[in-house]
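Peer 1: Produce the entire structure from the sequences given, and follow the hints as far as they go.
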Amino acid sequence: MELTVGNKYKLGRKIGSGAFGDVYLGTNITTGEKVAIKLECIEMDYYQQQLEIKFYKMMQGGVGIPAIKWWGSEGDYNVMVMELLGPSLKDLFHSCNHKFSLKTVLLLADQLISRIEYIHTNNSIHRDIKPENILMGLGEKNNLVYIIDFGLAKKYRDSRTNLHIPRRENKSFTGSTRYASINSHLGTELSRRDDLESLGYMLMHFIRGNLPWQGFRGATRQQRNEKVGEQKRSTPVEELCRTFAPEFATYLNYCRSLGFDEKPDYAYLRQLFRNLSLRQEFTYDYVFDWNMLTLGGNHNEQETREDRDRRDGHHQHTSTTSRGVLPASNTATLEVHP
1 MELTVGNKYK LGRKIGSGAF GDVYLGTNIT TGEKVAIKLE CIEMDYYQQQ
51 LEIKFYKMMQ GGVGIPAIKW WGSEGDYNVM VMELLGPSLK DLFHSCNHKF
101 SLKTVLLLAD QLISRIEYIH TNNSIHRDIK PENILMGLGE KNNLVYIIDF
151 GLAKKYRDSR TNLHIPRREN KSFTGSTRYA SINSHLGTEL SRRDDLESLG
201 YMLMHFIRGN LPWQGFRGAT RQQRNEKVGE QKRSTPVEEL CRTFAPEFAT
251 YLNYCRSLGF DEKPDYAYLR QLFRNLSLRQ EFTYDYVFDW NMLTLGGNHN
301 EQETREDRDR RDGHHQHTST TSRGVLPASN TATLEVHP
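Per full-length UniProt numbering, residue 1 is the first one in the sequence shown, and the count goes up by one each step.
No wet-lab data here; the hints were simulated from the structure. From a predicted model like this one, the values you see are computed outputs, not experimental measurements. Hints may contain errors.
[Said to hold, decoys possible] Using 35 Å as the maximum straight-line C-alpha spacing, the simulated DSBU-like pairs for lysine-lysine come out as follows:
no. : residue 1 : residue 2
1   : K10       : K154
2   : K227      : K154
3   : K263      : K141
Peer 2: Here it is in structure tokens:
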């Protein structure tokens, strides 16, 4: 029997699952357009489901935010029909033998800082930045980085008064243990700085291939969170980023130094990594490691300038403030149909 959603979309095979529901491949019956259909049981946390839809609606029109095409209820399920996206960074990281080249990490960092800035500009924080929630686009947008899953998002500022939420302690842990900020482990109310700190840990995981607190176990989830939090606090940033470009340590130290209600300098952070790209003579050609695998190349062969200098015996550390080649901005016009 053919299952349809909203009298407009045909339900296909399951392509993903999460804590709150499953995602299916769908097809627009009229146009043939492929979409993603997220089904969540109505008996689940209804408030949480509506909150995620609210955040998606709030973010519509932003680059790297999936278009919501329809939402509503069908039988025993709440349904959200979304733009179909490509693989997650978790899947791509696995395909690349659990390590990304410096160039790929910098390409991702540039876009992700902008995505997080856009979310923050909309008075919201994501609170769950991790590889599973970062997807690549499809077709002509296959080099565009998307952020998904606003199930843990929260407004940090009142859109009418611009008043920041108050700092509170003894909050429950929020996020994913591996990438959560130190504040989350300490039970401190999260704010803009914490999304960026989580991004920093994710970038270091990509370039290192691992994190010092990976594989920690505990009798309970709380014990594991506490052990990971202790390791994060006891691992100096310089040790975490040792043997890698100093910009990574600078980034994390900056994030950790931000005040609770302080606005991050996103342009400074982007430029920090862009200057590193210039020093390595990288270009923003949007050729990621996984593209090299598709083309039959080896992403480990993407030698940096410092690697070449070291190999040739004349390693030189330089600093530059040139702007370089910046990625193009392509804002999409999206329509939302309730």
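Peer 1: Need the list of violated hint numbers for this structure, in ascending order.
Peer 2: none
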